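Participant: Chains A and D are the protein sequences, given in the same order.
Anchor point for the first sequence: position 463 equals 463 in our numbering, and the numbering is continuous, going up by one each time.
Numbers in our numbering are just positions in the second sequence, counted from 1, shifted up by 476.
Please keep in mind that the hints were generated in silico from the structure rather than gathered at the bench.
Source: prediction; values computed, not measured.
One or more hints might be untrue.
[To be verified] Okay, the calculated beta carbon distance ranges per label pair: (1) A551(D) with E73(A): 43 to 49 Å; (2) A504(D) with G26(A): 51 to 57 Å; (3) S549(D) with G26(A): 49 to 55 Å; (4) R168(A) with N565(D): 28 to 34 Å; (5) A486(D) with R168(A): 51 to 57 Å; (6) H501(D) with P33(A): 25 to 31 Å; (7) R592(D) with E289(A): 20 to 26 Å; (8) R592(D) with L174(A): 27 to 33 Å.
Think of the CB as a built atom: it goes at the ideal place given N, C-alpha and C, for glycine as much as any other residue.
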Amino acid sequence: MLATSRTFEANARAGLANPTLQRALGMMRSGFPERRRVAVERLPEFEALRDIGKSIKDHTLEHLDFYLELFEENVLSSGGQVHWARTPEEARAAVLQICRSVDAKIVTKGKSMIAEEVGLNEYLEQNGIAPVETDLGEYIIQLRHEPPSHLIAPAIHLMKEQVADTFRAEHRSLDPGRSLVEARQLCDEARAVLRPRFLTADVGITGANFLVAETGSSIIVTNEGNGDLTQTLPRVHIVMTSLEKLVPTLEDATTLLRLLARSATGQEFSSYTTVSTGPRRPGDLDGPEQYHVVLLDNGRSALLGGEFQDMLRCIRCAACMNHCPVYAAVGGHAYGWVYSGPMGAVLTPSLLGLAEAGHLPNASTFCGQCESVCPVKIPLPKMMRHWRERQFAEKLNPPVYRSGLSLWAWAARRPALYHALVELASRVLGWLGSGRGRFRTLPLANGWTAVRDLPAPEGRSFQSLWAERQKSGVKH
Amino acid sequence: MSEAREQILAGIRRSLNRGRLDAAHETALRERVAAHRRNLVPARAAALDDPGRIDLFIAMAEEVQATVTRVGSSAAVPEEIARYLAAENLPAEVVLAPDSTLADLPWDERPLLRTRRGRAQAGDAVSLTPCVAAIAKAGTLMLISGAETPTTLNFLPDTHIVVLRADQVVAAYEDGWDRLRTHGETPRTINFITGPSRTGDIEQRIELGAHGPRRLHIILIDDRRNVGDGESRCRSGVICCCGAKPCGA
Chain A
1 MLATSRTFEA NARAGLANPT LQRALGMMRS GFPERRRVAV ERLPEFEALR
51 DIGKSIKDHT LEHLDFYLEL FEENVLSSGG QVHWARTPEE ARAAVLQICR
101 SVDAKIVTKG KSMIAEEVGL NEYLEQNGIA PVETDLGEYI IQLRHEPPSH
151 LIAPAIHLMK EQVADTFRAE HRSLDPGRSL VEARQLCDEA RAVLRPRFLT
201 ADVGITGANF LVAETGSSII VTNEGNGDLT QTLPRVHIVM TSLEKLVPTL
251 EDATTLLRLL ARSATGQEFS SYTTVSTGPR RPGDLDGPEQ YHVVLLDNGR
301 SALLGGEFQD MLRCIRCAAC MNHCPVYAAV GGHAYGWVYS GPMGAVLTPS
351 LLGLAEAGHL PNASTFCGQC ESVCPVKIPL PKMMRHWRER QFAEKLNPPV
401 YRSGLSLWAW AARRPALYHA LVELASRVLG WLGSGRGRFR TLPLANGWTA
451 VRDLPAPEGR SFQSLWAERQ KSGVKH
Chain D
477 MSEAREQILA GIRRSLNRGR LDAAHETALR ERVAAHRRNL VPARAAALDD
527 PGRIDLFIAM AEEVQATVTR VGSSAAVPEE IARYLAAENL PAEVVLAPDS
577 TLADLPWDER PLLRTRRGRA QAGDAVSLTP CVAAIAKAGT LMLISGAETP
627 TTLNFLPDTH IVVLRADQVV AAYEDGWDRL RTHGETPRTI NFITGPSRTG
677 DIEQRIELGA HGPRRLHIIL IDDRRNVGDG ESRCRSGVIC CCGAKPCGA
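Whenever a hint applies, use it, and build me the whole structure from the sequences.
Facilitator: Structure follows, in structure tokens:
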């Protein structure tokens with residue numbers, strides 16, 4: 001898909017001005033965070049599990065080459081195949097080649113962020129293969145030709161009336177007079193429309209929440225059961241995944257599964273957790289005849305060993321965006337690509353480059369909620385700060401911003417001058433604003449005053465009060 | 477693609493600032509994998525005795541909208557299925573997993589219940605399968621694929637009925653892995669099933685029966701002696717054949 005991260009500011013403004021989106025986001029604010037809180041309170045070991053989850057991922061990343069080879073060895077010995085892909089192009093080509101080899105016409109898809117990352121649907125369509133998304137949210141946005149706006153609830157930006165309109169426009173063979181008022185009716189219609197697709201698909205593509213080196217397995221976690229129908233009914237099962245999904249053992253995967261559902265939807269465990277290993281065995285009555293794992297790098301291996309390695313621990317639970325005040329205000333589409341919220345603000349620049357996605361690490365108040373709820377303790381604000389530093393170092397910010405920051409830095413490195421300037425500015429502003437106590441407009445500060453008043457400084461600066469306190473020997 | 481493989485592995489080693497791990501290091505890692513070391517297992521279920529664990533399983537399964545009925549012996553399963561299907565106003569037709577434990581049940585006592593053995597086909601309404609374990613702490617069933625246990629039975633029909641023996645209820649997933657490893661090679665599919673299919677994709681409202689089964693019914697065969705002494709209670713609230721009192725009785 002074409003990224004629009006470059007126009008984040010305009011995207012965000014559009015999101016803020018969209019009343020339907022604001023209604024949908026309002027529902028999210030009260031939903032996921034509250035359910036997560038209840039689920040976490042029910043499990044006294046949750047905090048300890050976060051530390052263990054982090055150390056499992058760190059251990060795997062430190063030995064990623066070894067575990068990838070072990071994973072491949074076990075996929076092969078269970079009769080499956082691994083396709084290594086350095087780039088999105090290689091991943092797409094691998095999928096197309098497999099589809100062509102079985103003369104596939106219809107491909108069903110479980111939810112896969114990697115498939116989104118490589119733009120798989122568009123590519124398959126261009127090559128005469130019809131991809132059918134089967135996760136309800138993904139199906140809705142596929143019909144609407146929209147990207148997902150959330151990691152685990154891709155259609156969270158929509159209200160049910162919009163879904164009803166989409167179904168009416170797309171399901172034209174159904175009775176136009178039918179009722180589509182309740183979510184129940186919409187679910188039933190999607191179930192009925194998609195069932196024949198499941199049964200006729202030649203290839204089923206799923207993502208993977210985890211890969212297990214010990215057994216050569218892929219694990220998917222779903223609530224709908226669509227992933228299981230996708231990977232059980234067709235002749236071929238393709239897993240679209242990336243390097244960092246790997247864990248050493250089933251026990252390690254179990255620890256992360258305990259964190260995943262609670263952090264994501266606030267469930268104890270999702271309805272379906274499925275471990276797949278190779279194709280159907282001799283004597284099996286169902287299951288795919290072929291099992292392929294497409295393993296995407298796309299810049300991830302380059303993040304190892306550097307300041308962004310921690311990002312590779314991410315298990316894609318969406319807790320960070322569910323708790324982010326910026327995401328909750330502007331919605332996922334503002335981020336302009338596949339990944340949104342705080343994890344997207346860190347990951348997108350490393351996949352698309354800072355020139356394209358430089359706005360995203362700046363779209364944060366640094367409130368720290370994302371890091372405090374992250375099940376694997378990724379220091380998201382710290383990494384956004386790293387991106388901001390690189391952005392400055394690479395001269396990617398606008399000239400006015402850069403010269404302003406340079407000026408401030410020049411003064412800040414001269415404490416005597418800095419304190420004198422602050423003291424002077426606060427006195428002048430205090431005097432100017434003494435009547436109303438606040439400013440409606442102020443030169444150089446219209447970013448602030450455009451949406452709210454600026455309080456006028458009262459009395460002296462913190463620094464001078466502090467210095468005085470220290471001198472008078474007050475203990476704190 | 478092998479060029480991609482070599483480049484990716486080399487890239488990883490370059491980023492980690494080292495070459496391939498030496499043999500001793502690799503052996504240590506292989507031992508770590510083979511040890512199947514458990515990480516922290518939450519205490520919720522571990523401390524419980526058998527009846528407590530089974531009660532926890534039932535409570536957790538019902539919390540996620542599964543229904544559970546206890547029966548006193550496997551011979552009572554066909555009767556319970558007939559009762560359940562009638563109560564839910566479902567057709568008296570069941571596709572059975574071609575599994576020997578299910579084949580041995582007294583189906584001829586229920587001549588009106590039509591049964592077929594095999595994988596699920598489009599249009600099948602009700603399936604019956606065994607399972608390998610149930611995880612008490614989350615109300616989760618563990619099923620595996622095999623020649624006698626096709627996976628389609630777990631997902632295609634609208635109603636999935638699972639036969640569970642009391643001695644299959646374990647505390648944690650890790651106990652499930654241990655049981656699985658006694659079965660030999662890893663099966664193609666391992667399904668952990670926690671309640672019926674659901675979605676929250678439309679305005680975050682939970683609707684059951686998104687693509688998988690709309691109903692999940694668990695028949696728990698509990699032939700331990702103390703069942704029926706008033707200590708164990710049937711949580712489903714129906715009159716059941718094990719003699720346990722319904723909830724609130």
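Participant: All hints, please: hold or fail.
Facilitator: So, going through the hints one by one against the coordinates:
1. A551(D) with E73(A): 43 to 49 Å: Holds, since A551(D) and E73(A) (Cβ atoms, about 47 Å apart) stay within the stated range.
2. A504(D) with G26(A): 51 to 57 Å: holds (52 Å)
3. S549(D) with G26(A): 49 to 55 Å: Holds: the Cβ-Cβ distance is about 54 Å, inside 49 to 55 Å.
4. R168(A) with N565(D): 28 to 34 Å: Holds, since R168(A) and N565(D) (Cβ atoms, about 31 Å apart) stay within the stated range.
5. A486(D) with R168(A): 51 to 57 Å: The hint (51 to 57 Å, Cβ to Cβ) holds, given that A486(D) and R168(A) are roughly 53 Å apart.
6. H501(D) with P33(A): 25 to 31 Å: Violated - the Cβ-Cβ distance for H501(D) and P33(A), about 42 Å, lies outside 25 to 31 Å.
7. R592(D) with E289(A): 20 to 26 Å: holds (24 Å)
8. R592(D) with L174(A): 27 to 33 Å: holds (31 Å)
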